[in-house]
Amino acid sequence: MSHNTARAAIARETRTKTSKRPTIRKSLLGVTLALAATSVSTGKASAEDVVNIYSYRQPNLIQPMLDAFTNKTGIKTNVLFASKGLAQRIASEGENSPADIYLTVDISRLDAAKELGITQAVQSDAVEGTIPTQYRDPAGHWFGLTTRARVVYASKDRVGQDAITYEELADPKWKGRLCTRSGQHVYTLGLISSVIAHKGEAEAQEWLEGVKANLARKPTGNDRAQVKAIYSGECDISLGNTYYMGKMLTNEKDPEQKDWAASVKLIFPNADDRGTHVNISGMALTKHAPNRENAVKLMEYLASEEAQKLYGEANYEYPIKPGVPADELTASWGELTPDPLSLADIAKHRKTASELVDRTAFDDGPAS
Amino acid sequence: MSPSPTRVPTGARVFLILLACLALLPIAALAWIALTPAPGVWPHLLEFVLPRSAFNTVVLLVGVGFGTAALGVGSAWFVSLTRFPGRQFLQWALVLPLAMPVYIAAYGWVEFLDYSGPVQNALRDVTGWTSFRDYWFPDIRSLTGAVIIFTLVLYPYVYIPARLVFMVQGATALDAARGLGAGPARLFTKVALPLSRPAIAAGVALALMETLNDIGAVEVLGVRTLTYAVFETWLNRDSLSGAVQLALLVLLVVGGLIWLERAARNNRDFARSSREREPARLDLSVTGKAFAFSFCALPVLAGLGIPLATFATFALRRLEAFTEPALLSAALNSLTVALLCALLAVTIAYLVLQTARLHRSKRLALAGRLASLGYAIPGTVLALGLLVPLAGFDNWLDGTLRETFNWRTGLLLSGTIVILVYAHTLRFLSVAYGTIETAFLRVPPTIDMASRGLGRTGRQTALFVHVPILRAGLAVAAMLVFVDSVKELSATLLLRPFGFQTLPTLVYERASQAAIEDAAPAALAIVLVGLIPVAVLNAVPSGLTRGKMRQLAPRPA
Numbered sequence: 001m002s003h004n005t006a007r008a009a010i011a012r013e014t015r016t017k018t019s020k021r022p023t024i025r026k027s028l029l030g031v032t033l034a035l036a037a038t039s040v041s042t043g044k045a046s047a048e049d050v051v052n053i054y055s056y057r058q059p060n061l062i063q064p065m066l067d068a069f070t071n072k073t074g075i076k077t078n079v080l081f082a083s084k085g086l087a088q089r090i091a092s093e094g095e096n097s098p099a100d101i102y103l104t105v106d107i108s109r110l111d112a113a114k115e116l117g118i119t120q121a122v123q124s125d126a127v128e129g130t131i132p133t134q135y136r137d138p139a140g141h142w143f144g145l146t147t148r149a150r151v152v153y154a155s156k157d158r159v160g161q162d163a164i165t166y167e168e169l170a171d172p173k174w175k176g177r178l179c180t181r182s183g184q185h186v187y188t189l190g191l192i193s194s195v196i197a198h199k200g201e202a203e204a205q206e207w208l209e210g211v212k213a214n215l216a217r218k219p220t221g222n223d224r225a226q227v228k229a230i231y232s233g234e235c236d237i238s239l240g241n242t243y244y245m246g247k248m249l250t251n252e253k254d255p256e257q258k259d260w261a262a263s264v265k266l267i268f269p270n271a272d273d274r275g276t277h278v279n280i281s282g283m284a285l286t287k288h289a290p291n292r293e294n295a296v297k298l299m300e301y302l303a304s305e306e307a308q309k310l311y312g313e314a315n316y317e318y319p320i321k322p323g324v325p326a327d328e329l330t331a332s333w334g335e336l337t338p339d340p341l342s343l344a345d346i347a348k349h350r351k352t353a354s355e356l357v358d359r360t361a362f363d364d365g366p367a368s
Numbered sequence: 001m002s003p004s005p006t007r008v009p010t011g012a013r014v015f016l017i018l019l020a021c022l023a024l025l026p027i028a029a030l031a032w033i034a035l036t037p038a039p040g041v042w043p044h045l046l047e048f049v050l051p052r053s054a055f056n057t058v059v060l061l062v063g064v065g066f067g068t069a070a071l072g073v074g075s076a077w078f079v080s081l082t083r084f085p086g087r088q089f090l091q092w093a094l095v096l097p098l099a100m101p102v103y104i105a106a107y108g109w110v111e112f113l114d115y116s117g118p119v120q121n122a123l124r125d126v127t128g129w130t131s132f133r134d135y136w137f138p139d140i141r142s143l144t145g146a147v148i149i150f151t152l153v154l155y156p157y158v159y160i161p162a163r164l165v166f167m168v169q170g171a172t173a174l175d176a177a178r179g180l181g182a183g184p185a186r187l188f189t190k191v192a193l194p195l196s197r198p199a200i201a202a203g204v205a206l207a208l209m210e211t212l213n214d215i216g217a218v219e220v221l222g223v224r225t226l227t228y229a230v231f232e233t234w235l236n237r238d239s240l241s242g243a244v245q246l247a248l249l250v251l252l253v254v255g256g257l258i259w260l261e262r263a264a265r266n267n268r269d270f271a272r273s274s275r276e277r278e279p280a281r282l283d284l285s286v287t288g289k290a291f292a293f294s295f296c297a298l299p300v301l302a303g304l305g306i307p308l309a310t311f312a313t314f315a316l317r318r319l320e321a322f323t324e325p326a327l328l329s330a331a332l333n334s335l336t337v338a339l340l341c342a343l344l345a346v347t348i349a350y351l352v353l354q355t356a357r358l359h360r361s362k363r364l365a366l367a368g369r370l371a372s373l374g375y376a377i378p379g380t381v382l383a384l385g386l387l388v389p390l391a392g393f394d395n396w397l398d399g400t401l402r403e404t405f406n407w408r409t410g411l412l413l414s415g416t417i418v419i420l421v422y423a424h425t426l427r428f429l430s431v432a433y434g435t436i437e438t439a440f441l442r443v444p445p446t447i448d449m450a451s452r453g454l455g456r457t458g459r460q461t462a463l464f465v466h467v468p469i470l471r472a473g474l475a476v477a478a479m480l481v482f483v484d485s486v487k488e489l490s491a492t493l494l495l496r497p498f499g500f501q502t503l504p505t506l507v508y509e510r511a512s513q514a515a516i517e518d519a520a521p522a523a524l525a526i527v528l529v530g531l532i533p534v535a536v537l538n539a540v541p542s543g544l545t546r547g548k549m550r551q552l553a554p555r556p557a
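Taken in sequence, the protein lines are chains A and B.
Numbered by the working numbering, the letters in the first sequence go through residues 1 to 368 in order.
Numbered by the working numbering, the letters in the second sequence go through residues 1 to 557 in order.
Bound-form chain A, shown alone (with noise of 0.2 angstroms):
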């Protein structure tokens, strides 16, 4: 295509020294002829073999599952990568819609596709008896992939305590000392609701407060950034999500993040009572999925044991088919105790955990 656009500029350069004509329809026609090109080669991929996914989830974490799918089964896969708007992108594409699978990270999403009516309902028994009830949609539209528990990291030398509970992270003895990520992140979004769940509104509003009244900083960042600032000192406990630590312990790259994985250690909070938070990444089958049954075959193979177990060891996320062991590393943080709260009551109170960060103002940080 490029050439083609070289070779109009230049067709258009000379004609402008020998002709009076402007040439400007000309070239325009030739752009136009350089698109149409790249349409043929870009276009839809429909070939019988391949699966489409538009996706949440970076490509490079869902990369090794889909490899092995593809040598299992021969079915190629082709990943989207968006970080917003892939719900209404399907929904404006239609029946054209090249999209097969909606992977997301956060279960808010899945439901909200279902609500935008996306999705259809999968009858599998390989994924079904696979998938605990409280991880999949009653209806069949959004199951889990794997779970990661939203855990308290605290600092191991300032933190003495080995037991926590998220109503404790209202407690003014953290005052100055709590860091976290944006309110308005999904994470934090999902931890707030699953407290709106359990406790009330009213009582969400206060717990929050609490919170807000103890961070050491405004949020910002990623849960990683938060770890590195109990590592410097700037506060001794942080939320974040299980897979960071293994993230941060394996990082051969940025050798320091090591050290700053080092100085916490994980808490699951609530392991004595209800339980720790959970959220999932997940898929949904699409509405007019023009590569149907290889989909579902994609989804039954994710639900797969072997999959499941690849995926725990590349993301160091926990295997969400019961029996299929966390990895190493991941077991090593000590048990997990989900709370068995169903993740489609959680999405339920997603807007209502919005509203209230915003109500407290909890992203502008501490009071100075």
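Hints should not be assumed to be uniformly reliable.
Stated by the list, open to error - Sample of chain B residues lacking proximity to chain A, with all beta carbon distances greater than 10 angstroms (derived):
no., residue
1, T10
2, F112
3, R186
4, G392
What the hints assert, rightly or not - To give an idea of the interface, some chain B residues facing chain A are shown, with a C-beta separation under 7 angstroms as derived from the structure:
no., residue
5, L46
6, V49
7, Y135
8, E232
9, N406
10, G410
What the hints contain is simulated information worked out from the structure, not anything from laboratory work.
Beta carbons are placed, not taken as given, at the ideal position from N, Cα and C, and that holds for glycine.
Assemble chain B onto chain A, guided by the hints.
Chain B in isolation, oriented as in the chain A frame:
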């Protein structure tokens, strides 16, 4: 004095209407989405969100507006009209921060000033302080920090046109004023500032719209702007229509501001000279030279140098990533889209403005301005506005053709790079438009009269008189659009076809895996690709204006 307005010929009229439709399509689609009621969204927004986010946005815009104007005009003044060591290099280097995406600059600065970053570490080493409780350090993740970072990266939008004005047409007026005994300060405030006012306004408008549509940097800096509220409403409270309503409301305000600015400008007419020459430069005292040097060197260092150094540190550990096929193909894709988009945007903006000029149609010029408002809409929202109608059209076409010919076209426009080029062109049309419009201001009406009087037709005047004079402006416009397109992330992320990766999407993919470090090579590549045209075309304005314009402009036909 000037020729009276003439009727725009039918052909051109149809062409312009078609362009206007294409430009307004996404806004119309968004308006359609906004019609869906959004129950419960507004009471919450009004009570808890808007007061704070509107305040933040206004402060951010006012700060960035004054900041970019001061930095852009000030540095342009020093490099164009004074003499100090390093001037030759700085006049070139001052453009470079343009290649730095704001979100990457924000990341870089946060890392640099972080508690565990080099500055605070050094501070603790020197002072012996051991914990953050021992001292106070300004937080870059704040509204003030955002104003500073946006200003440092966006001031070239003002610097470039302001320098063009000083170089090209300032000499006569400035020399005259100096002859009348005006000192440097008076020269600056009474002559240079009014002279460059349209250029400043156009540049500041671009910087402000870029500030307004940003979501990446404000997220990094934790500043809750109206744009942030748009996304929060859409994604966290599942109200797309409520979010779009808010986005359109912001757009309405922007449109109003542009109109006001226009109205104010129309009351003034500046004497224009077509006689171009190098202005005589002012001699500065030693202190003056030192000040001029720091004033011009600081923005380059802060806007480009420090974020670049931060990312270079990470990238050095990943040298092998620079030859990765993924990076190379992303660079090629970025280049392709940016070239197409620069070509289209400049062509369209030029045609509209040329028609408006030939037919003395102020209304057309204003219509063009308003049609290029897309720049102020957050990229993802604009992307949705394009996706809905284009995919709708594709599905309609596919359905019709299938029924009549059993022929499938699939997603002809929305599933290919057509939609991507469309989105980029539309987003950055404003950049081309503002720049070329300022360039047109430098073509005195007397030239038209001379050319027409000598029997040239309007079209001939355009081609053989205007275009040569405008070449510098057209080149700068193409460069700005190119660089902006290379940096574009949010619309690209949502609209690209399968497997189509650009440099920013690659950065985003790597960075969102919670490892900004892994994104460093691609981030550097964005800056490098952006620097190519900046570096090449940087030579163009001065070269062209000095050489070609002197030959072309005053010589009688």
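| task | Quick one: which hint numbers does this structure break? Sort them smallest to largest. | result | Hints 4, 5, 7, 9 not satisfied by this model.
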